[in-house]
Each structure stands twice: as C-alpha cells, then as structure tokens.
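Asks: Residues per chain, in single letters:
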Amino acid sequence: MRWLSADAMRLAVPALALVALLVGIFWMQPRAMSYNGFNLLFNLAVPIALATLGQMMIMAVNDLDLSMGTFVSFVACVTATFLQSDPLIGVLILLAAIATYAVIGVVIHLRQLPSIVVTLGMSFVWGGLAVLILPAPGGSAPGWIRAIMISKPPLVPMAIIASIIIAAVAHLIVMRSSFGVLVRGVGGNARSVQRAGWSIIAARAGAYAMAATFAVAAGIALVGLTTSADANIALRYTLLSIAGVILGGGEFIGGRVSAIGAVIGALTLTLAGSFLSFLRISSDWQIGAQGMILIAVLGLRLLLNRFEVKRS
Amino acid sequence: MSAQPLLEVQEARVRFGEVTALDGVTLAIGAGECIGLVGHNGAGKSTIVNVINGGLTPQEGQILGDGAPIEKYGIAAARSRGLRCVFQELSLCPNLTVVENTRLMHRGLLGGIGWRKEARRVIQTALDAVFPRHGIDPDRQVVSLSIAQRQMVEIAMAFSDAGIAPQIVILDEPTSSLDSGLAAQLLAHVRHFTGNGGAVILISHILDEILTTSDRIVVMKDGRIVAERSAGGFTQATLVDAMGSATKTVAARTRSAATGPEVLAFAPPRGLAFRATKGEVIGLAGLGGHGQTDMLLALYDKASPNWWPARNPAVTFVAGDRQLNGVFALWSILRNMTVASLPDLSRRGVVDRDAEVTRAADWKRRIEIRTPDMNNPILSLSGGNQQKVLFARSLSTRAPVVLMDDPMRGVDIGTKREVYEMIRSEAEAGRTFVWYSTEMDEIALCDRVYVFSEGAIVAELVGDDVTENAVLAASFQGAA
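Chain order of the listed sequences is A and D.
Quick note, the first sequence lines up with residues 1 to 312 if you use this note's numbering.
Quick note, the second sequence lines up with residues 1001 to 1480 if you use this note's numbering.
Calculated from the structure, these hints are not laboratory results.
Just to be clear, a hint being listed does not mean it is correct.
Unchecked claim - Label-pair restraints from in silico Cβ distances:
hint : chain 1 : residue 1 : chain 2 : residue 2 : range
1    : D       : N1325     : A       : G288      : 37 to 45 Å
2    : A       : L303      : D       : G1455     : 27 to 35 Å
3    : A       : A99       : D       : D1139     : 30 to 38 Å
4    : A       : F252      : D       : V1462     : 36 to 44 Å
5    : D       : A1298     : A       : R176      : 42 to 50 Å
6    : A       : I253      : D       : G1463     : 17 to 25 Å
7    : A       : L235      : D       : D1373     : 34 to 42 Å
8    : D       : R1191     : A       : A99       : 37 to 45 Å
9    : D       : D1222     : A       : M175      : 30 to 38 Å
10   : A       : V103      : D       : F1016     : 53 to 61 Å
11   : A       : P135      : D       : D1373     : 50 to 58 Å
12   : D       : A1077     : A       : V169      : 34 to 42 Å
Said to hold, decoys possible - A few chain D residues that don't get close to chain A, going by computed Cβ distances all over 10 Å:
hint : residue
13   : P1132
14   : P1305
15   : E1454
Only a predicted model underlies this, so the values are computations on that prediction, with no experimental measurement involved.
Even glycine gets a Cβ: it sits at the ideal position worked out from N, Cα and C.
Using the sequences plus the hints, can you model the full thing?
Replies: This is the structure we're talking about:
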C-alpha cells in the first residue's frame, strides 16, 4: 500500500462517502443531475464549509470552538444590518470580532484554560450581541454578496466553484504556507516548536484569528443565500463544523487536519440531509438517520486507522 | 583544542524545590572536541544539557561564549550560536512531513516563497552526509516513518545547515533506536564533524560508544562532575566504577532463595522470563525507561480481568507518578485511601461509612499519616505522606501481589525507612512485591532482581549478587 499515503487514505473515506451519497440521490431523483440540481444540493454547503474550516484552524492547535455557531450567527446579523447600511462600521465590527478571537486564543494559552469552557462562555456573548443587533429576524443582504451567491456562471454552478476555490485557498494557507506549518506544528508537538525558537502565543493568536476570518466569511455567505438574518440562524454550525472536520480526516488532537477534507466533509454532511429527504424519511427521524450516516463513515475511518497502525 | 572554549558553563547550580539537580558544575566545550557525558539517572545530565541549550537558567553561575559572559542566555541565543540538540524523546512534529519539520526547526532562515524546495535541499544534504543511502523520502509524514528513521531525521536535523552552521551539537542517547550499522555511520560523522572544528556532547549509556568516540569523558553523579579525563584514561570497568557510589549500603536480607509457590509468571517476547513466588520482594532494576514500567503494566493486565472487577483482586498497583495515575486530587485523604477496597467495605452495593472510617483510622495509625483529620483534601499532605496514602490504598486490599512503579521518587528518607519496614513485614507475612526502582539502595533491599535493558530482562541477580556494580554491569553490557 505504499502508493497511497496516510493522508490520501484519510481523504478517500469522506470523498467516497460523498460520491456514494451523490449516486444515491441521482438514482432516486435523476433530475437532480443538472445545473440547477447541483446548485440547490450544494448551495447551503458553502457557509458550512467555511465554518468547518474555521473550526479546523482551532482544532489544528488541539482546541475546540463551541462558539462557532453563535459567532457565525453574530456575523450574519452584522452583515444583514451594519455591513449593508454602513459598510465602514460593519467592517470595523467584523475586524474587532476577529481581534477578539485572537485575544481569546492568547488567553486560553496563557491561563492554560480549557478551550471548550472559554468558547462555551463566548458563545453566550456572541449570541447576546446578535440579539442586541437584530432582536427580530430581518435585515437585508448587501447587494454584492447577494449578487455573488446567486450568480450563475456557465457550465459549473456557483456552489461548486465556490467550494473548490475555498478548498484551494484554505489548502494553500493551512497545508502549504509557513504559517500553516507552524499552526499544525503547535498541534503536533508544541514543545519542540518552542525549542526551535517560535512564539507559541503568536501561533495560537494567528490560528484563532484565521478561524474567525473563515467564520466571518461563513456568516457573510450565509446572509448572501438567505437574504436576511436572525440571531439563531447558524446555531447548528457548531456541531456541524466539528463533525465536518472529523469526517474530513481531521483529529481532535495532534494537529492532523486537512483543508480539502474539511470542505468535503461539510459537503457530505449537507448532502446527507438532502439524501434523507429524497428517501422520504420523516423529519422526525432525519436527525437520527443523519447521525447514523456519520457513525457509519467514522466507523470506516476507524477501520482504516487500524490498518494504518498495523502497517507502521 | 583551541585556547578559547566555544561555550563554557561556570559553577552552575540548579534546584527544583528541595532537590538539587546541579551542584556547581563547570564545563567548557572547546572547538573540535567530542565530550562524552555519562552518569546515572538523576545524575544531572539532562539538567546540564538544558542549561547549555538555554532552556533552563541556572539559579547561580554563568555562561561564557568565546570567553565573554553572555547576558540573557536563552534558547534563541543558543541557537544563534549554532547550538543544536537532539533530545532523548521525539522532538519532531509527527503530523508534519520531514520537510515541514525542517522548516520549523530553522526559524527565520527558510522563509518566503519556495521554502519547501530550500528546506528539502537542506535536510536532504544533511541526511546524505550523516547517513549515506538512508532511503528516507523527505516528503513523508514523520508519523509514517519507523522509530529508527525518525531518529535519523532528528540527528540529521541537528547537523543541517540553513544559514547558521551548527557549532555545538548535543546528542542525548542518539543511538538508542539505531541498529549498529546506522550507529557506526553516526559516530563516524561525529568524528568528521569534530575534525572540521565542531563540538559534540555525546550522552550514551553504551559505554563502548563513549570510549571510542569521545576525546574527553565527563562523569556526573548527584549533580556534580566526579571525574573528568581524556577518553584514554578510562576503561569500561573504571568508567562503571566512577559512575557508581564508593560507599555501598549493605542491607540485611533475611531470606534467600525463593521457594514458595509461584504467584505470577510472565514470558515477554524478548529476554528472560519473569516469575515471582509467594513472599518475595522482587526488584526491577536497570536504567530508567528501559521497559520496567511496561513490565509492571503488562503484569497488571495479565493478572486482572478486563471487563468486570474480580471478587478477589490478584494484584494491586502503587503508582510512581502521583499526579498522573496516583491521587484523586479533589478527594479527601480518606476517600483516596479506601477507593481500592470499596467492595470489601460495602454491603449490598452501598459503602458502609463506619467501616470505611475504621479502616482508614487503622491505616493512619499503622503507616503514620501525618494529618489532623482524614477528611482533609489529599493535596494538604506533603508528597511523602501522599505516597504513604497510596501505599495504604494498595496494602489495605486483599491482593497477594503488590506492583510498585518507582513509588519513592521525591520522598524524604524518613518516610522511605518506614515504608521499607512495612514492605519487609508484609513480605514476611506472605505478600509478594514487584518493585521497580531507580535507586540502588532500594534495589539492594530486594530478594531477587531483574535487570532491564532495551525493554527486556537481561539478567537475574539473586541474594548477595545484588550489588550496584552487578546491576550496572548488566544494564550496560546488555546494551552494548
């Protein structure tokens, strides 16, 4: 099995799951196999993929972000209000939010706090701010993001193009750049990174800021699709993003993450929902069935991991 | 050797709490020399290495570079002087590729676009130089490399040149995972490196390597340098002598050969087999981290059921690392002590409080835990007394075999004596003790000793053969 690297094999599982789900959907509903069909299937995957990448940055340094959902909701509320009416103030708010994330990363590191607790606390802060900005559902999307999200490029639908661009950019940042290597190195063996003379604090602040940047993009993209926002619009994203990272071949600890895998994982999660609708499974059972799909894919991952261990 | 040493540590003293790790060490590292550094566990080798590489600032003493004192000596200052270190434990990031690790190890030198190509060239050159025909693909993830390959990469990393040439390279047990061919390649490279004006500090428990490779040998013991001579001035035997203590405490052993019924036996895949009989005190000796703890865990797993606790426990375990697997930090002394024998103290699944209190009071008296109230939190006790609680936890069970994972680390001498006596009397009463210890005095108390090296038992010493020299000789000869 030398021809397949460990990473490629990790990526193969979510990719295969994605293909299997697609085949299932096309088999049940051949009309989905069209430009519009693809667009509808994957539209909502774009913000989820961005949020998943945000979560992946946090998980790369062995932390977990439980405020991802409320943070994306907060960004969505800012986008639908300030960014639309006073772009300058909107941009400043979002930049401040990113800076806050960086500070959270530093505090977690300096005080040796569990990231789960800190980010859970922050989730209430973001949720509260979102309600303050937009007490009732409403607002409207800035014209430019709306235009991007509903644009219809020839041949390939926007959702697919966006996913590919997002995956490529994230891959460049996380897997290819020096910064990405540093962040993953902190997740892998922080002590030796420190011994080589790097600042762990800066690396963590950078990872958190990058996570917030992806999450901000997720919130903006989400408003572009839904045209309006409310304070609870993206609550599901917290767990979806974690599941997406794991599904895409990431690990909770050890800095093992994959940007392309995370995007594929997010797409798979979105498709799993559609797949179950096509199966005409009543919505009462859908969440449970979605969970079963997740467990099945992760079970497959576990088997492959064993295989990997045996080989080495 | 040139007149001016590259780096000099003068009168360094380091204390960790009550323990003195370095007690006034002076060491000069000159260009073109290989210094062999030997000593027991806890002799201070790792501490002096950490002082030299800037990771640890000594409370007293100073560090001189090229003859002048260096202010604010730290990791960055050390690295900029070309100091590199290969640590005993893996210090690569396992989730990154070899190239990416190279990038991280050379901060600020390999930046910008195209760093991958540059890093690949740097590590490839170093690997080719140290280990010709190594066959390691630098684009592979470290986790997918074998242990030996990882160590090769780490060593090559230390000798790699990405702008600041390596001047002083510290190798801490560099050959522990290398086979003899690779080890020979490394030692040849060390000589080549020193021949070109570099300096190497070589730490190894394989005395042969030290004797053949180094120019000068420094022997450490109890945080001090006890001998320092040119390599020619030592032989294997004199080196072992220099490391050992001159005054050996002879402990009175009341029993000799083990004749009772066998209570525990284990045949590991490599090395001699392990067996224990009733009423024996068995020592697991050898250098630290050579498989003794693994053996204890294997014995525990073998003797205890996986799924459901047995009604009559066969073995009990006294942890050495209290923080890791010893105390329940948030519980009271009482709870910490009785947790292992709760089934005995329960009736119909409910713990009998009175029985628990009585049992705890009994052990408090027997083992003299110094506390006014057993309901105080466990962390209110000193380390030694915490350890006594862990002893009481194990001894108060009905298990006939007690496994001990170097439990006396950091315990004061008074407590030790009390516990030794208790072990003695329990053994007389028929209990079996399997005792891993890094301290020779404790090993000398055992009836029978297994010496470990490289994860396997290499020698068995019985009765009066249990001497420091015999243990040392066995653990070093097994490795050579």
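Asks: Looking back at the numbered hints, which does the structure fail to meet, lowest number first?
Replies: 4, 6, 7, 8, 9 and 10
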